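J.: So the sequence shown is residues -7 to 64, counted in the numbering used here.
Derived by calculation from the structure, the hints in this document are not laboratory data.
Keep in mind it's a predicted model, so treat the numbers as computed, not measured.
Below, a list of computed lysine to any residue pairs in the SDA-like style, where the Cα atoms sit at most 20 Å apart:
1) Lys51 with Phe35
2) Lys52 with Asp19
3) Lys51 with Thr23
4) Lys52 with Leu34
5) Lys52 with Glu41
6) Lys52 with Ala31
7) Lys52 with Met29
8) Lys52 with Thr23
9) Lys51 with Ile25
10) Lys52 with Ala28
11) Lys51 with Asp19
12) Lys52 with His26
13) Lys51 with Ala24
14) Lys52 with Gly32
15) Lys52 with Ala27
16) Lys51 with Ala28
17) Lys52 with Ala24
18) Lys52 with Arg30
19) Lys51 with Ala33
20) Lys52 with Gly42
21) Lys52 with Phe21
22) Lys51 with Glu41
23) Lys51 with Gly32
24) Lys51 with Asp22
25) Lys51 with Asp39
26) Lys52 with Phe35
27) Lys52 with Met40
28) Lys52 with Ile25
29) Lys52 with Asp22
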Amino acid sequence: MKNSARRSAACAATGPSDFERAAPFADLFDTAIHAAMRAGALFDEGDMEGARTFRMIVKKINELQRGAATLQ
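Given the sequences, and given the hints that come with them, work out the whole structure.
T.: Structure, rendered in structure tokens:
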């Protein structure tokens, strides 16, 4: 049996690793940081509506992270 087949069989038997479960959160974390930075830039430019929109995006990402964390 090839190593990749062994890993797949082991993963199927034990479930996803901690790394596999955490990987989507890393993407959400990076996305939240970029959205927060954009909100700040828009605020500095005087675009209050745009800044508010990006702050709402950050809020929703944080809610997704909390909700997904409780499912684990």
